[in-house]
Structures are given as structure tokens and as C-alpha cells.
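A.B. asks: Listed below, chain by chain, are the residues.
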Amino acid sequence: MADSSKRNRPDSLPLICWGALLVAPALLMVEYCTQLWRLDQYQYFPVLVIAVGILFYSRWSGAVTLPATWTAWLLLAVGVLSTILASIYWSPWFGCVSFLFIFGAFLSSCEGHSGGDWGMLSLWPASWMLLRLPLNLDYQLTNWLQLNTANISSHILDRLEIPHRLTGSVFYLANGPLFVEAACSGVQSLFSVMFCAFLLVVWLHRSPILLPLYAAAGILWAGIMNIVRVTSIAVAQEWWRVDLSHGWRHEVLGYICLLTAILMLLSTDRFLRVIFYPVPTDRDVERRVNPLQNAWNKLLESMRTEGESAGRVVPKVVQQPNRKFVGAVVAAFVCLMLIPEIVFAVAAWSHKAGVRRVAAWQASPDLLENKIPGVEILEHSESTDSTNPALGQSSHMWVLRNNGLVSRVVVSQHSEVHDLCTCYGANGWQIKRREVLNDAADNGAEDWDCIHADFVNSETVFGYLMFSTLDGQGQPVRLRTRSLSDYFLSRVDRGSQPWQFGFDGDTANVQLWTTSDTPLDAQQIQSLETLHRHIRQVIRTSISKGD
Amino acid sequence: MGLFRRKPRIETDFKVGLVRRLLNSTISAIRKVTQGFFSFHTPAWVERMGSAVRPPRANLTTAQYLNPIYWLVWATRFSFNWLLSRPYRSIGPAVPALVGCVLLGAAYFELRFRSVSHRQSAYRVVLDRSLKTGDNETALVAIGTLTDIDPADLNLRYLRAILEVKRGNKDLAREQMTRLVESKRYGEAALWLIQNELDLKNMGAWTELQHSQFRMWTEITLQSSNDNNQHAGRTLMASYLLARGSYAESLRYFSTVVSRSPELAYTAATICKHQGDTRGVSTYAAQARDYYSAKLSQSPTDRLNRINLARSLMLLSREVEASELLMSGYELSHQQDQELRTAAAEALALYEKRIAQQTSSPETLMKRLQVLQSALQLAPDNTNVIDAVIEVLFECRENRNEEVLTLKTAIVKGIDPESAHFIRGTVALLDNNIAEARVHLELAAKSNKQLPGVLNNLAVALSNLGEGELEHALSLSNAALEAMPEHPYFRDTRGQILVKLGRYQDAISDLEVALKAPEIAKDVHAALASAYDELGLKDLAESHRLLAAGNRE
Numbered sequence: 001m002a003d004s005s006k007r008n009r010p011d012s013l014p015l016i017c018w019g020a021l022l023v024a025p026a027l028l029m030v031e032y033c034t035q036l037w038r039l040d041q042y043q044y045f046p047v048l049v050i051a052v053g054i055l056f057y058s059r060w061s062g063a064v065t066l067p068a069t070w071t072a073w074l075l076l077a078v079g080v081l082s083t084i085l086a087s088i089y090w091s092p093w094f095g096c097v098s099f100l101f102i103f104g105a106f107l108s109s110c111e112g113h114s115g116g117d118w119g120m121l122s123l124w125p126a127s128w129m130l131l132r133l134p135l136n137l138d139y140q141l142t143n144w145l146q147l148n149t150a151n152i153s154s155h156i157l158d159r160l161e162i163p164h165r166l167t168g169s170v171f172y173l174a175n176g177p178l179f180v181e182a183a184c185s186g187v188q189s190l191f192s193v194m195f196c197a198f199l200l201v202v203w204l205h206r207s208p209i210l211l212p213l214y215a216a217a218g219i220l221w222a223g224i225m226n227i228v229r230v231t232s233i234a235v236a237q238e239w240w241r242v243d244l245s246h247g248w249r250h251e252v253l254g255y256i257c258l259l260t261a262i263l264m265l266l267s268t269d270r271f272l273r274v275i276f277y278p279v280p281t282d283r284d285v286e287r288r289v290n291p292l293q294n295a296w297n298k299l300l301e302s303m304r305t306e307g308e309s310a311g312r313v314v315p316k317v318v319q320q321p322n323r324k325f326v327g328a329v330v331a332a333f334v335c336l337m338l339i340p341e342i343v344f345a346v347a348a349w350s351h352k353a354g355v356r357r358v359a360a361w362q363a364s365p366d367l368l369e370n371k372i373p374g375v376e377i378l379e380h381s382e383s384t385d386s387t388n389p390a391l392g393q394s395s396h397m398w399v400l401r402n403n404g405l406v407s408r409v410v411v412s413q414h415s416e417v418h419d420l421c422t423c424y425g426a427n428g429w430q431i432k433r434r435e436v437l438n439d440a441a442d443n444g445a446e447d448w449d450c451i452h453a454d455f456v457n458s459e460t461v462f463g464y465l466m467f468s469t470l471d472g473q474g475q476p477v478r479l480r481t482r483s484l485s486d487y488f489l490s491r492v493d494r495g496s497q498p499w500q501f502g503f504d505g506d507t508a509n510v511q512l513w514t515t516s517d518t519p520l521d522a523q524q525i526q527s528l529e530t531l532h533r534h535i536r537q538v539i540r541t542s543i544s545k546g547d
Numbered sequence: 001m002g003l004f005r006r007k008p009r010i011e012t013d014f015k016v017g018l019v020r021r022l023l024n025s026t027i028s029a030i031r032k033v034t035q036g037f038f039s040f041h042t043p044a045w046v047e048r049m050g051s052a053v054r055p056p057r058a059n060l061t062t063a064q065y066l067n068p069i070y071w072l073v074w075a076t077r078f079s080f081n082w083l084l085s086r087p088y089r090s091i092g093p094a095v096p097a098l099v100g101c102v103l104l105g106a107a108y109f110e111l112r113f114r115s116v117s118h119r120q121s122a123y124r125v126v127l128d129r130s131l132k133t134g135d136n137e138t139a140l141v142a143i144g145t146l147t148d149i150d151p152a153d154l155n156l157r158y159l160r161a162i163l164e165v166k167r168g169n170k171d172l173a174r175e176q177m178t179r180l181v182e183s184k185r186y187g188e189a190a191l192w193l194i195q196n197e198l199d200l201k202n203m204g205a206w207t208e209l210q211h212s213q214f215r216m217w218t219e220i221t222l223q224s225s226n227d228n229n230q231h232a233g234r235t236l237m238a239s240y241l242l243a244r245g246s247y248a249e250s251l252r253y254f255s256t257v258v259s260r261s262p263e264l265a266y267t268a269a270t271i272c273k274h275q276g277d278t279r280g281v282s283t284y285a286a287q288a289r290d291y292y293s294a295k296l297s298q299s300p301t302d303r304l305n306r307i308n309l310a311r312s313l314m315l316l317s318r319e320v321e322a323s324e325l326l327m328s329g330y331e332l333s334h335q336q337d338q339e340l341r342t343a344a345a346e347a348l349a350l351y352e353k354r355i356a357q358q359t360s361s362p363e364t365l366m367k368r369l370q371v372l373q374s375a376l377q378l379a380p381d382n383t384n385v386i387d388a389v390i391e392v393l394f395e396c397r398e399n400r401n402e403e404v405l406t407l408k409t410a411i412v413k414g415i416d417p418e419s420a421h422f423i424r425g426t427v428a429l430l431d432n433n434i435a436e437a438r439v440h441l442e443l444a445a446k447s448n449k450q451l452p453g454v455l456n457n458l459a460v461a462l463s464n465l466g467e468g469e470l471e472h473a474l475s476l477s478n479a480a481l482e483a484m485p486e487h488p489y490f491r492d493t494r495g496q497i498l499v500k501l502g503r504y505q506d507a508i509s510d511l512e513v514a515l516k517a518p519e520i521a522k523d524v525h526a527a528l529a530s531a532y533d534e535l536g537l538k539d540l541a542e543s544h545r546l547l548a549a550g551n552r553e
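As they're listed, the protein sequences go chains A and B.
With my numbering applied, the first sequence closes on residue 547, and no number is skipped along the way.
With my numbering applied, the second sequence closes on residue 553, and no number is skipped along the way.
Treat the hints with caution; some may be incorrect.
Computed, partial: chain A to chain B, Cβ under 10 Å [stated by the list, open to error]:
1) LEU173
2) SER267
3) TYR277
4) GLY428
5) SER516
Below, computed lysine to aspartate or glutamate pairings styled on EDC-like, alpha-carbon distance capped at 20 Å [to be verified]:
6) B:LYS516 / B:GLU486
7) B:LYS132 / A:GLU161
8) B:LYS446 / B:GLU482
9) B:LYS170 / A:GLU379
10) B:LYS500 / B:ASP523
11) B:LYS353 / B:GLU391
12) B:LYS295 / B:GLU321
13) B:LYS184 / B:ASP153
14) B:LYS184 / A:ASP517
15) B:LYS413 / B:ASP387
16) B:LYS273 / B:ASP290
17) B:LYS184 / A:GLU459
18) B:LYS522 / B:ASP533
19) A:LYS432 / A:GLU529
20) A:LYS432 / B:ASP148
21) B:LYS367 / B:GLU403
22) B:LYS184 / A:ASP521
23) B:LYS184 / B:GLU219
These are calculated hints, taken from the structure and not from any lab test.
Being a predicted model, the structure only gives us computed values, none of them experimental.
Think of the CB as a built atom: it goes at the ideal place given N, C-alpha and C, for glycine as much as any other residue.
Can you make the complete structure from the sequences, with help from the hints?
C.D. replies: Quick look at the structure:
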């Protein structure tokens, strides 16, 4: 009977409207998912889509209404507004935000078999993990976790009497360094484990109130499994001379850790369920009047059930809108949104097709020879296919001497804007100062951001980093991504290039790294700044020409 | 009933049936336990709750809500109820998570409050052990960690650089040492740089940068708190100053290190001798003698100690003793070590020179001849001995004393004919008896040895016989210079010949090299003056003439 009711949908208008609304940010989502797929730590998202789809199908009764609850209206309003902003400014990330809100509104308008008081909306948190943390917060989170877990792993290795040195998150053992390549990429499985935690909440009908606790549990177990992984690799290498840090063994270890983390999440779920189980009310009616106890039971009632159906949940309708009006508005909105999206998407993709990938750029060893007065090139090396993990997938490195200071120039390729301060931080350098300078603001030169950062390490060596970023066509990329306002400013203020894709696509970092045993004076720093400006211009010309 | 039930089989084999029953009961027990363990035991009271989990109609007043005492009562009651009502039977599957969290907490707690000094001492043990076993990789790891714990310990960084050298990473080691020196002024690293980055045996070829590096690094070494480093720095500075010709300053450094390094006493004594400090000579030479005596008594066959002891004795004017010491070494080597024999002859030549400086009586002359006779017997080819013989024969050329004549004859009789002709020829040359000199020197030159000294002296003799012999003299001089191209005496000979041949420009280049020997500078300046005169460079000629006159005065 349930099947026949599910198939029997005489009123198709709501379904068409919701379908149209979900399609509104589609092009942005395509761009967003393309970018997401290039990041290892987010490659779980197809599983997420499938899992949410299965849960939706299994819980949906087949009935859906037009937005008729306050929640649905509110979510839809935010979603529509986000879609407008995302379309105008061509922001894939905002496109994903809008999609999630519209999806939330859709869920709240669906009739489900189960889901407790939250109805189908209880599925919504599972889809949140599609959204990447903005402003590089995801990198900061994973690196924070990696640094902390590395410290604990180091302590465990000390207890196991395995001599090692920990620099940032890189371990140096007698048989060589470990995790150099992961030094600036953080704990890879963090978001996968967090996704599992969110899925668990949805799947087992846990109270959404406890979602932060499950997220914290996800972070905790991702961290613990990272400790296990690091310690296992070090122990295997030192005691049995088995290399678990590369190849299929590393993959197997990674999957074992991920599986163990999921099992531990289930174990944690049991613990949380015991802790947050409802409290029985007193038999004495007078004593039953306890607001704390009542609130507890009200919020955590779902912890009582074992994922069983709590009966059909129908959205609480506040007022049915005018059907024709809603259909017309939705159609107009979708058309309006799709027009700028298509225009931007076509322009963007054709622009991208013409962009030479930075990876294809080949620098000649003598690129910097005789280009900068007073500079002596001491060494040049090239790293491709991660032959030098510390320098990324593909990079060119020059060692040069300028005014008595020996510096390292590295041009490295990345799949998006990459904050090198994070990498140096993970390699044991403590950041003392970081600021984004713009030549245009300083001396009326070209509008080109440059990050200046000062570091110091445990041996009191001072490090000076300057880097700028170029897109695949050799155009400067904005680096103001430390605050939300900067982020929006960089989106809004795009100058003559409204589809500035350097931000989201392939980039090349041009860095100048200098170390000194004593702090450099202002004159020396100025000399380095001038040198960096010269070098990045030479590199830019080379990339633009496609040398 | 329609329900199919399997009829129990009658087991023919009782044992098989028992095993099967046991197995089945075990499996069902495990299943029961695990099911019980993993399932969530819903407490009985939950069944009774029903709508009770929903808040009853609250008849609470605002005053009650605002009354903290009510809240306290509610909180206490809630806590009590909460504690009693947990479904503890269901906690089983949560145990792994709890254990994991407890272990993590314990590890974090221990990490937070661990003793750094304990870790430091543990890694010190690792470092010592790996250094002993030669496990450089582990030692480097231990040093890295120890440096992180105590960045001020420069010795660890120095040790790391040394280990990098052992691993073949000398460039990296150099970089680390340079950093230690430039930013931390670490003496031991400075000493390493001096010993490894500078060619101490070839100081003369250093660039100005290397000189300044040496001075800077030595200064840092001397400021080191380590006595050994200071001592090494002073020793290096003393050698450097000696090579630069700063004898007095060098001696100042030597004087501070000799007591600890008595092997340097001999060098100090020679510097004192150069400086005319006889007291210093005797002091340091005595120190050197004592040192090498002790060494020689430990290993009597060690030729270097023997030679050094002999040298020390010579500085103490005990040349005969030195000669005997060297000869005893020669005997110990079963007459194989000709160098010791030659050195013994040189010691006697030195003795002869000292006697010559003391007095010039006929008895002294006799003694000198006797000493040289002994020396010539030991080393008939030795230049120093032959020079001394020539000198003494020249001195007594007019002496008609019978005994002297006998000795003069005996001296040259004991040696090979070529050397005898060379001596006689040279003496004749010095006596300006060119014809006789030519005869003897030509006879000496006919031998297979073709000694450059013989050729040079013959060239001198021929150049004094007039223009007809000048080309022959030049060819002989060229032959002598082929063997010893930078010898100032030989360059002087050729220069003088070229002046006579009128090839002034060629002559000047030879004569300028000849100026290196101050004892012939007078004649060289005079020849240069005439050469410049002929080339019309009057000013230069005049200056050389003045220098020649100055030398004469």
C-alpha cells in the first residue's frame, strides 16, 4: 500500500517546483564539485550523495508539498538569496550554500515515514558535509589536528624507545623522514570520518542537538587514528624495517584506520546514547514538575529509539500558498538565475580552456641568470611527480645569493590558492608575523598581493618568507582570504576580469625563502622585497609567454 | 500442527554426539552473550514512561521560575535521577571508545606534564650509545631532538656537523660550521674551519680572503672557553705568523704553547736563533732535547725523533754529539738509512762552521780540516759539506804548512774524482785562477752526473775567459738552470753572461730573480745598473748603482 501511495502522485506541481529550485544553482554546483574532486580530503562526496539519496528514498513517503511551513520558507528564502548572490558574483562555494538551503527547504516540505519531530529535515545534516569550510579553515583545522596528534605520537614513540625527531608534523627517524608530503596537507581522513559521524546521526535518528558532539567525536577519532597510523608506520620501520609509509601497504593501513574510526564512532554512539538517555519522570506528579528533566527528555527523546519508525511525519502546514503564483515565481526565478550562470559558466570555461596549466610550464635552469642585477645563482633543481615532497607536486627551485644573503626561490604548482605559511608552520617553523602587502597600495605599482611572513624555529634560526600567486595565465591572484570581509571584497572587486579563476583553479606560488641566524634589519628585508618583486616579474613573464 | 520439526537423530556414536552438542551449546552461548552485549537494553521504566517523557502541564508560577532555590532542587533531583536511570547494562559496546579516550587522555596528560629533563637524559643515552656503535643516523636524530630541547647547546650542533662529515655531506657540514662561527662565534667550529677549509701547509698561496678568514676564525678560537681550542688557536696563530715572517709575534704565541706542546720547542728555538736570542735558543732547545730524548728512549728506532733530537743538540752547540747520535741511528738501521749518515755529515759541517767563527789559529784550521775530512767521508756528495770544504780550502790556499798541505790532499783523496775536481776547480775559481778552474771543472763536468753546480761554476769560469767562450758559457748556464730554474746563483751567472753578450733585456729578467739572494745582491745591482745604462734607462741604472754602493758600504 505504501508503494502504491508513493507512486500515486496526482499533484506534480510541488515536485516540479522543487526540482526547478534545486536546479537553479546547478552550474555553480558543477563548478564547485569539479574543484572539490581535486582535493583528496573531499573525495568522499560522491558517497555522501549516494548515502543521502538512499536515506531519502527509504524514508520518503512520496508526498511533497509546496513550502508551507515557517522552516521551509525561511530555508528557501536564505537559499534563494544565496543563489542570487552566487550567480551574480559567480561563487561556486556560495552556490553550494544555496543548494543546501534549498535542499533543506525541500526536505522540510517532504512527508516521511520516520524522522521524529524533525521529519525528513533530519536528513539535512548529512548533506552539510558537502560544504567545504571557507577561508581555508579546513586546512587550518586539519593542520591543527595533525600538529597535536604528531606531538602525542612523538610521546608514544618516546615511550616505545624509538629515537626520532619531530619538526612540525614531520618525523625524522634513523631510516629517513616520514610524512614530508603530508606536512602541509593535514590529516587526510578528518572530513571522511566527520562525514561518517554526521551520517550516523541521520541514519540512527539521533537528536540533531547532539550533532556537535558527534562532530567532535569524529575529530577525536580522526586524530586518534592518525596517532595510530603514525605510530604504526614508525614502529614498523624501526623494528621490522617494513615501509608502511608508501604504496599499497600505506593504503591498506589508511583504510584499516578509517574502518576502525567508524567502529569507534559506533562505540561512541553507544556511549552518548547511554549518557543522553531520557530520565524517567517521577511517579509523584508534584515531583514530575521539573523543567530541567522535561527539557532533557523533550530534546533527547529520539535517543530512546533504535532507528525504528516513529510514524508518518507530515509537515505542519501554516498556510498553503497560491499554486499558480508559486509556479510562476519559481519559473521566473530559475530562469533569471540560470541566465547569468550560463553566461558566466560559458565565459569561465572558455577562459579556462585557453589557460595554460601551470603544470605544463617548464622553466629553463638559466631563467634567472643575468635577469636580476647583483644576484648570483648558486643552484637550480627541478622536481616533478612529487620527487621532492617538501616542494609539492611540481616545482622549480633556485638557490641564489643576494647582498650576502642566500635565499631559495621556489615556483610551485598547486590546484588552488595555497597558503605557504601553513606548510612552513607544519615543518616546525613558528610564525611570528604575517601580513598581506599590495604593491599598488604601497607605491602605486601593479596590483599584486604578496604575503610576508616571519618565522623562527627551535634552533632560533629566523626565516623570512615572501610569496605571491599567479593563475594559469600568469595573472596575479588576490590573497586576501584571512577574513570574511576580505573574501567578499576579493569577490566583488575583480577589476577588469569578472571571471577571475586564478582563485579557484591552478596556481603557481612564487616564493622567496631566506633563513638567517640573526634577525634581518629593515634594509636587508627591503632588499629581499625588491628581489622578490624582480623574480616574480621574471616568472610571470615566462609563464605568460609559455616558455 | 503443520509445523515441521526435525526428529532427533539417535546418535550411534556417543562421542560424536557429545562433541556436536558441546559445539552447538558453545555457539549458542556466544551468540547469546554477544547479542546481549551489542543490543541496547531498554530499561523497564522506559516502557512505563509513555507520554511521561513529555512535560506534564506545568503549573509553575513565574516566581518559581525565577527562584534559584527551585532550580537548585530541580538540578539536584535531575542529577540524582540521571545517575540512577542510565542503562548501564548497555554500556558494553561503548567500552572501546571509553578505553581509547582514556588512553588518549593519559597520553595527553603525560605529554603535558612530562619532564623535559627526563627526555633529555634519555636522548643523551641514545646519542652516546649510537656514537659508540657508529650509528650516525640515529645519532643525528638524537642530536636533532636534543637541540630542540636545548637550542643553546652549541656543542650538539657542532657534533651534528661532524657527523655530517662522516656521512659524506661535507658541504652541509661546512654550512653548519660557518653558521656556528658567524652567528654564535663557536670556537670549536672555527677551529674546524681553519683545519678543513684552509690549506695550512701552503699559506703562501692564500688569497686575501683566506687570510682574513684565518684571522677571524683564529680570533674566535682564541676567545673560546675551551682550553684545548685556545691552545690549538695559539699554535695555529704562531705557525701563521712564522710563515708570514712575523718572528717576534710568532715567538710570543709559541712561548705560550711550548710548555704544553714541547714538540714545538725546537721551532721556538730556531726562531730565537733567527732573532739572536741566545738565551731563548738554549731554553727552548733544551726543552726540545728533553722531549725528544724521552721519546727516543721509548722507541729508539724512530728516525724522526732521532733527527729532531740531533737538531736540538745542534742548537745547543753539541754538533759532535748530534753527529754521533745520527750515526748510531744509521748503525741501528743496519747502514740502510743514508739520510741519517748525511745528516751526521751536515752536523759536522755545522760544527766546523762554529769553530771557524770562534778563532782563526792554525790549530783551528787543522781541526776544521779534520772535521770536514770526517764529514766528507760520511757524505762526499753533500752540498753543504762540499761548500764548507771549498770555503776552508780557499781560506788556506796560501798556507804552506806541511800538515795543512797533507790534510788538504787527504781531504780530496777520500772522495770521488768528480767531486775532487769540482772542489779544486771552485777553489781555483774563487782564487781567480781561471785556467786551472776551467781544467778541473771541465773534468768534473765530464762525469755522468752533470751536476748543475759544476755546470754553473764552469760557466762562470768560461765567462771570465773572454768573448769567445761566452756562448759556450751561456749554454752551460742554461743546462744548469734546466735542473734548478729558480736558483738565484744560477740566474745571476746567466744574467752576467747575457750582459756581456749585450742581451740586456734578457739579462735584466735573470738578474731580478737573482736579487732574491742577498749575499750576491751587490754584484747583481751593479750588473743591473750597467744593463739599464745600456738600455738608456738612466734613472733605473742610477738607483741600482746606488743600491750596489749601499750594499758595498
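A.B. asks: Decide, hint by hint, whether the structure agrees.
C.D. replies: Now for the hints, and whether the structure bears them out:
no., hint, result
1, LEU173, "holds, 6 Å"
2, SER267, "holds, 4 Å"
3, TYR277, "holds, 6 Å"
4, GLY428, "holds, 8 Å"
5, SER516, "holds, 8 Å"
6, B:LYS516 / B:GLU486, "holds, 10 Å"
7, B:LYS132 / A:GLU161, "holds, 18 Å"
8, B:LYS446 / B:GLU482, "holds, 18 Å"
9, B:LYS170 / A:GLU379, "holds, 17 Å"
10, B:LYS500 / B:ASP523, "holds, 14 Å"
11, B:LYS353 / B:GLU391, "holds, 10 Å"
12, B:LYS295 / B:GLU321, "holds, 17 Å"
13, B:LYS184 / B:ASP153, "holds, 11 Å"
14, B:LYS184 / A:ASP517, "holds, 8 Å"
15, B:LYS413 / B:ASP387, "holds, 17 Å"
16, B:LYS273 / B:ASP290, "holds, 19 Å"
17, B:LYS184 / A:GLU459, "holds, 12 Å"
18, B:LYS522 / B:ASP533, "holds, 17 Å"
19, A:LYS432 / A:GLU529, "holds, 18 Å"
20, A:LYS432 / B:ASP148, "holds, 18 Å"
21, B:LYS367 / B:GLU403, "holds, 11 Å"
22, B:LYS184 / A:ASP521, "holds, 18 Å"
23, B:LYS184 / B:GLU219, "holds, 13 Å"
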